[in-house]
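S.K.: Work the whole structure out from these sequences, hints included.
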Amino acid sequence: MVTRDEIMEIALLSKLYVPQEELDQLTEDMANIIAFADTINTAGSDTQEFDNINHLSNVFREDAVVPSYERELILKNVDGGENGYFPVKKRG
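If you're matching positions, the sequence shown starts at 17 in this note's numbering and goes up one per residue.
Simulated from the structure, these hints should not be mistaken for laboratory data. Any given hint could be a false lead.
With a cut-off of at most 30 Å between alpha-carbon atoms, the simulated BS3-like pairs for lysine-lysine come out as follows [what the hints assert, rightly or not]:
#1 Lys-106 with Lys-31
#2 Lys-106 with Lys-92
#3 Lys-105 with Lys-92
Label pairs and their in silico Cβ distance ranges [stated by the list, open to error]:
#4 Asp-79 with Arg-107: 29 to 37 Å
#5 Val-75 with Gly-108: 34 to 42 Å
#6 Pro-83 with Glu-22: 56 to 64 Å
Since we're looking at a predicted model, the values are computed, not measured. Yeah, the Cβ is synthetic: ideal placement off N, Cα and C, and Gly gets one too.
M.R.: Given below as structure tokens:
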């Protein structure tokens, strides 16, 4: 059973404001959600577990260092670039 105090603690940790008049309904709703999840977890199933029904696998390539553009070539048309960096506007 979920208590009002637990709901308030969850709200505090989530930085959510929960009005006192909504607390009882929210507590009941949360208890119903948890009860439903418990029902699903205890439900029996005769199906076989599977991870990948298509039998596909990921193909990874080896990381390789490849030549890149020269930094000076990239920055030659940049206005205000310093020490090899692009200037960007500060936000916020």
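S.K.: Compare the structure with the hints numbered earlier in the document and write down the numbers of the violated ones, lowest to highest.
M.R.: The structure breaks none of the hints.
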